[in-house]
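Undergrad: Spelled out from the first residue to the last, the chains are:
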Amino acid sequence: MTDNIILETRDLTKHYGGVHALEGANFKLRDGEHIAIMGDNGAGKSTFVRQITGVEQRTRGDIIFGGKPVHFAGPLDAREAGIETVFQTLALADDLDVPDNLFLGREITKWNFLGPFRLLDYRAMREATLAGLEKTAVKIPNIRNAIRNMSGGQRQCVAIARTATFHSKLTIMDEPTAALGVQETAQVENIIRTLKEAGEPLILVSHNMRQVFDLVDRVVVFRRGRICADLDITKGDITGEDVVGYITGAKTQEGYEDAA
Amino acid sequence: MADQTSHGIGGLTYDKSKRAWPNEANVFIALVLIILAFEALGQILPYMNSQSMLFDFNTNRDGTILNVARIKIVILQVSIIGIISLGVTQVIISGGIDLSSGPLVGAAAMIVMSFGQTELVNGQINPKAVFGPWAFDLPVIVPILAGLSFGALIGCVNGSLIAFTRIPPFIATLGMFLICRGISQWWTKGQPVSFPTEQFAAIGSGMMPVVWFALLAVLLFFIMKFTVYGKHTYAIGSNEDAARMSGINVKRHKVLVYMIASMLAAFAAIVLSSKNLTAQAGMGQFYELYAIAMAVIGGVSLTGGRGSIVGTVLGAMVFGVIQSGFTFIKLDAFYQLMAMGTIIIGAVVLDQYRQQRSMAG
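These protein sequence lines are chains A and B, in that order.
Under UniProt numbering, the letters of the first sequence match residues 1 to 260, in that order.
Under UniProt numbering, the letters of the second sequence match residues 1 to 361, in that order.
Just chain B, same shape as in the assembly:
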């Protein structure tokens, strides 16, 4: 074998060709199969007025066969929750869970938007103004920093509770779930916050959410794979005692993990409120569960230590394809929920099976 190097009496090897079949490959195959299934359904069910996902042979549309617009919609739909799921992925890899990200999106969106409002709407003073005149037309960096600081604060509280009081992450972030939902309603007493500045509106306009998702996915991939931070996150999720005995500052690291997760959720809130041009207290409902679902579909193990950003991105795509696929073939939304539930359960069952087989063999 060309890329094999042999060492010593024991015949030690570092052999690239012998590396295990990556879990991400399975997720990718599943993604392709699901896309093909919807494609086939879309092509053979025209009498129901349904539409296929990838190809559209009705060429008088814009002259091309590949339906780029539809593919864009699929990715755009999952981008914002996808940003959250990147943070959730590293939390789950560290052996924790973050339930607070959805309500955090709502609360952060309210806060962000109230610093991103414009003064004049159709020549009138902004009717949804939260603060006085000083808060109008602030530079775009102000709402961004306000949002990220809020995220960092919430994440710091989450992480500190989990690291120092040793309460289970489920409980700590469940409490934070309710607190954030409360904050989002208290901020304006339930009133929506609207009319952002042009600069702020540009953050999430058009395909920008996809750009942010792609950039952050690459960044997080790099961090998890090539930095000490990533390695220690895997180590803590894999065996916390071993990590501690090896000299890793487990408490500090956990605080950092939850801070990064919450800052990503807060950034998702910035993009979302910018895209919608408004912030409402109920924003981000179920996002925490969808984000966890994307990670789980992508092969991130809830027991910690296993999973990857690549897997989560693929999981997000599976999530988006199912969501959009049902819409394109004109099946009702409740089928979509049922299918999504089945796929999440199936993903975990398959993962368990794989794990047991690798333990046995």
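Chain A with its partners taken away, still in its complex shape:
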């Protein structure tokens, strides 16, 4: 982990009409750091993620990514800049196989002068897929099977493997294990650990306290649209109960009093 700040938001604010879903969020993510975003339903976690990934346009504030202020018009812009997001709805095409899904919309092609009829380079995509999956240690019996025939965990892994394949600068996962069983959850957590070892930064939105304490360096707690705590959990002096206290409003960290 370096002190190189990969993502910073200053006074990030989103109002839906009169509803202040996100208010003045100041957030910093260092390169290689894994951060969990926690908070109750409606606390502003997803709103925060949607502003960073360009799904929605912010009301006010700045987003600085890789040292430069950015304005993403849509999720594609964000992805091109290097922010890869695993949304809760996985955005996979069920009838296509794993390489097809990984490369959907950014296929490796030959004979590009043919425009929309340019040829797919299946071999290159297959090899890149195997390399990407190897990096994440994802277990998929046969990558040429349609996604439809895969389990929820495998599908989730395919969605996550996109990040590894494309060397993204930042990965955001929105509750990646919410719908998964025990084994599948373990598999996804393994991928997150692999990303950590590879030094790739991650923002993880999660409700699972055990998972958060197992995986990340820092927890940022949202409450009623504001950040109410920024906790370094690597030192071991912060417990799950403390975090619950911040989430529910029983506690507020110094410096964040206006969130109370």
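In short, the hints are calculated from the structure, not lab data.
These numbers come from a predicted model, not from an experiment.
There are no misleading hints in this set.
BS3-like, lysine-lysine: derived pairs with alpha carbons at most 27 Å apart:
# : chain 1 : residue 1 : chain 2 : residue 2
1 : B       : 251       : A       : 110
2 : B       : 189       : B       : 275
3 : A       : 235       : A       : 28
4 : A       : 110       : B       : 225
5 : B       : 251       : B       : 225
6 : B       : 330       : B       : 275
Place chain B on chain A using the hints.
TA: Same frame as chain A, now just chain B:
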């Protein structure tokens, strides 16, 4: 296993031998069974003066046992609708439907033929002339371009309506169905257009429709399997939101899909009017439904995302064998319709069953 490569901790594999049983294989087996059934009926029902499909042991005919002429007829019969079904296949794979192709054949045939007329018929001025003398004996490229442009225009309207106003494809193409039928009658106020130039008549003469069908089937197979266009068509039919989030320009792609479908239907009209040496406003009746039926028999899923050109070609063959088979065994046409209906329903039921089983397992 020889062709298996193993990777990494997870034991990732790309294993050709583990690939799923292709749906096309089922259609092929069905085709073989249907042919054998008709063959058997044809051989054991001679007292009804019926004829078999493949083999004819009455060797004084032309000395051969395999009845090539009859097989040719079977394929020739389905070639023109087959060309339409290639376009319809990619529309259905993209999650849409095209009902306008039949009437489009009628309208395009009228337009095409009116640019493909010859001046002198038995020494007289062409009695069916649509335009003035300038439109006689034009180079064959003129009617072809006129037809394809008309197809492209209709397809562009279909696709734009579906992509930009977001009305269901069923409604958009149903409207276009009526509009095209209207155009075909309005063009000459219901009069047939006849007497093409020799060049134009050559496009669809003899076995040429089969040649066109084969060439276009290979081309479409290649496009759907090996190009970005094909991949995006499957992706949109499979999960339109995912396709959009992946950066595919879904709207533009849909316009392209419907344009290609309509241009193929227009090309079918060129071949058909050339083959018949005339164009009539009522041409292409039920073709849109037959084309959809061929695709469906071939395993193209109406929910989008699944199916292939190979399947559709096999589906067209099944369609042709049933149609001709009943004729050869001298059963009335209404049995043929009933059998066709049963087979279409059966194909979809089987497909649903397969799909549910693969979801469960």
